[in-house]
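Place chain L on chain W using the hints.
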Amino acid sequence: MPLVEVHDVHKSFGDLEVLKGVSFDVRQGEVVCIIGPSGSGKSTLIRCINGLNNIQQGSIKVEGQEVNDPNLNLLELRKKVGIVFQQYNLFPHKTALENVMMAPVKVLKEPKKEVEERARALIAKVRLGGKEDVYPGHLSGGQQQRVAIARSLAMRPDVMLFDEVTAALDPETVKEVLLTIKELAAEGMTCILVTHEMGFAREVADHVYFTDRGVIVEHGPPEELFTRAKDERTQRFLSQVV
Amino acid sequence: MKTVRPFRIDAEALSSFLPSRAIRGWQGLLLLGIFLASLAAAQAQGVAAPQTPSAIATLIEWMPFILKGFVLNLVMSFLAMGIATVLGIALGMLQLSHSRLLRAPAWIITHLFRNSPWLVILFVVMLLVPFEVELPGGRNLILSDWIKATIAFSLPVMANVSEIVRGAIVSIPRGQWESAESLAFTRGQTLRWIILPQCVKRAIPPWMNWYALLAMATPMASILGVREAVGNAQAAMEAAGARPELLVPFYLFLLLLFFAYIYPISIWTRAIERKYAVET
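In order, the protein sequence lines correspond to chains W and L.
All letters in the first sequence, in the order written, are residues 730 to 971 by our numbering.
All letters in the second sequence, in the order written, are residues 8 to 287 by our numbering.
Source of the hints: derived by calculation from the structure; they are not laboratory data.
Worth double-checking, as some hints may not be accurate.
Result set (DSS-like, lysine-lysine): computed pairs, CA atoms no more than 27 Å apart in a straight line [stated by the list, open to error]: (1) Lys-854/W with Lys-808/W; (2) Lys-809/W with Lys-790/W; (3) Lys-823/W with Lys-854/W; (4) Lys-860/W with Lys-208/L; (5) Lys-860/W with Lys-841/W; (6) Lys-835/W with Lys-75/L; (7) Lys-808/W with Lys-835/W; (8) Lys-808/W with Lys-911/W; (9) Lys-809/W with Lys-823/W; (10) Lys-823/W with Lys-208/L; (11) Lys-904/W with Lys-860/W; (12) Lys-790/W with Lys-904/W; (13) Lys-75/L with Lys-860/W; (14) Lys-904/W with Lys-854/W; (15) Lys-823/W with Lys-282/L.
All values derive from a computational prediction rather than experimental measurement.
In isolation and in its complexed conformation, chain L is listed as follows:
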């Protein structure tokens, strides 16, 4: 009898609908066109009084301020990715440890942070991590909100890097371990010289995907008052008189800003994926 699995999703079929595969270069240009057209439409709608500057003029005026905030988005994303990568690699290897005492906590941490909403993690970190930490030298380290947010964003990415690393290691054929073992490599040496170098190629595309997701998540920090791009845009609109006609151009600008940064990364990821697929 044929077993029916109603909840099974065909990943291969699904992936063809995902934007990362569906979007081609010309479609990116199309999106840009739509943005510019809608900007013009927004402009036409706003019947501003003669003495107040137009929405576009206001946006241009505040652009440096928003871009300054965007630098913080980049800084947070880089730092969080760095933390996530270092901890995630360690966690991924611990998940494969021979010792249950190391394996179990690594497994729990990985799955806890992989399966929780980022926003909730963000709130928990904000509430649990103290504002000030006393260093051994007697000096105090101030953990400002953006640092806390960076830590919070690094946790779910760390958990996913952990899974990427674990998956990459187990995907290396057993024969590699055996031949290394028979050549007198220790387990650590085998990992260092033979297994991990082979994992890098397999892990880079998913790792880059998670970076893109992370960079897109950084505006969440604005909810907690971090002055990144979205937070600054909101502050700018407030300062410019909180006029409703500002909303569309400001948010569309943010959209374009993030798109212009993330989209090339996504194209690059796909190129690397294809290149490695051909090589192996």
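This is chain W alone, in the form it adopts within the complex:
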């Protein structure tokens, strides 16, 4: 059974239909990249998977549980699905360590000592050992984004969503964030990424989806999609960005 099943999803903001029937599956341990021009609905799609955006039609299942269900236990869903945003959104009044510890302690009510151990290990894992007591305002964009990844991992999710996580970063800090994600993928974490980093998508993705104007135009393994795109829209987009 796929870990995430997206089936015929429609989503509108007022009169504007952003997603016009999108379907795809993600299996356990798979790394999926969603690429496409701005405004094609990529971010909206990824945000629907953890229920930040609701959908009007279709079905999204995470581990068999329907997300588009009014009686859904959001806590259960969000324990399973972690998300990292373009703007990091760290809590500025808390140190890096406190940012990572907060949700497990306050929401999951896990013992503080255990969580702290885990949080320190996660911070070391994203190569920020020594920055535990630093406030987000004193970290670079790339460092903040890695804290955000650690914060999300602290909830022990089964799948991680990355919403253009390098788009707001300085070029020199993009690499360190991509490296962290790459290591995560190598460990077998299921990842769904919306990205503009084509080289990265080509390198780490098991499967790439090209979206345009609310639909999936074409998809396939990266080698195939990046070298032998069939659709004219895909070819045009790739020729512009690669």
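Same frame as chain W, but now just chain L:
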């Protein structure tokens, strides 16, 4: 075409004229000097008969009495600020409630008390709030005038605290709510752990400003016979023979008294404002 807005006020330009920004430490000393000089002038003017004590001597004699009244000003200001803060925070959060039934009354209360003269609120509370309230245990609670005045002063400040809180909450970027939501925080937990702690820094300087305004407003209670500093000063002048030469030194003393209390608060507020501006 350029739209002309004749009634628009440039807040930034205006603020540079406001006393809180314009007054520096040395200017405070200057004010003190002017006060002392005018006191001497008042003294020189008063050609009192030999048997009556001078205006200054009278003032010194009654000073403890006036200071005792000033303690009531402080007590009223503290209590009113406490009430205003607790109710204002609740009201400010209700203004942002998802439920219209909670939002609408909170909005009305906030705007009603923000946009009414304090003196009128004071009279209304005096007239509407009963002197005695029966408690469930059968005992009666006496609401004396100073308690009523405290309640009255707390209302406009409460409404302004409500707006400060509402404004601070909406000024927190949406991303904070989103990331909290995606980490499984409920709306209440997000407010408690993430949003409100970030609001505190933004809200403290305006909150302190309102405290200063409140403390300065407490002498209004004297109109209704509350024996605070101004009321006591008036009573003292009456008792000392209601001599006209007492007026200037007594009121100047009151001025200095309130200034000596409020001015440090205003300096402190500005220091905090600057500190937080640098930090964020």
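**OP:** Sort out whether Lys-911/W lies within 27 Å of Lys-808/W, counting only the CA atoms.
**Re:** Holds: Lys-808/W and Lys-911/W sit about 22 Å apart, inside 27 Å.
Original post:
Holds or violated: are the alpha carbons of Lys-904/W and Lys-860/W at most 27 Å from each other?
Top reply: 19 Å, holds
Original post:
Lys-808/W and Lys-835/W: Cα distance at most 27 Å?
Top reply: Holds, because 13 Å separates the two Cα atoms, which is no more than 27 Å.
Original post:
Given the hinted pair Lys-75/L and Lys-860/W, is their alpha-carbon gap at most 27 Å?
Top reply: Violated. Lys-75/L to Lys-860/W sits at ~54 Å, over the 27 Å cutoff.
**OP:** Compare the distance between the alpha carbons of Lys-860/W and Lys-208/L with 27 Å, and conclude whether the hinted pair is satisfied.
**Re:** 24 Å, holds
Original post:
If you draw a straight line from the CA of Lys-860/W to the CA of Lys-841/W, is it 27 Å or shorter?
Top reply: 19 Å, holds
Subject >> Given pair status - Lys-823/W, Lys-809/W, alpha carbons within 27 Å >> reply: Holds. Lys-809/W to Lys-823/W sits at ~24 Å (cutoff 27 Å).
**OP:** Verify the proposed pairing of Lys-809/W with Lys-790/W, using a straight-line Cα cut of 27 Å.
**Re:** Roughly 12 Å between the alpha carbons, so the hint for Lys-809/W and Lys-790/W holds.
Subject >> Pair hint outcome, Lys-854/W versus Lys-808/W [Cα-Cα no greater than 27 Å] >> reply: Since the Cα atoms of Lys-854/W and Lys-808/W sit roughly 20 Å apart, the hinted pair holds (cutoff 27 Å).
Subject >> Agreement of Lys-790/W and Lys-904/W with the hint, judged by alpha carbon distance not exceeding 27 Å >> reply: Given that 27 Å is the threshold and the Cα spacing comes to 32 Å, the pair is violated.
Original post:
Quick one, are Lys-823/W and Lys-282/L close enough, alpha carbons at most 27 Å?
Top reply: Answer holds: Lys-823/W to Lys-282/L is near 18 Å, not above 27 Å.
Subject >> Distance restraint between Lys-904/W and Lys-854/W, which requires alpha-carbon spacing of 27 Å or less >> reply: Distance ~15 Å between Lys-904/W and Lys-854/W Cα, so the pair holds.
Of the numbered hints stated above, those contradicted by the structure are hints 6, 12, 13, listed in ascending order.
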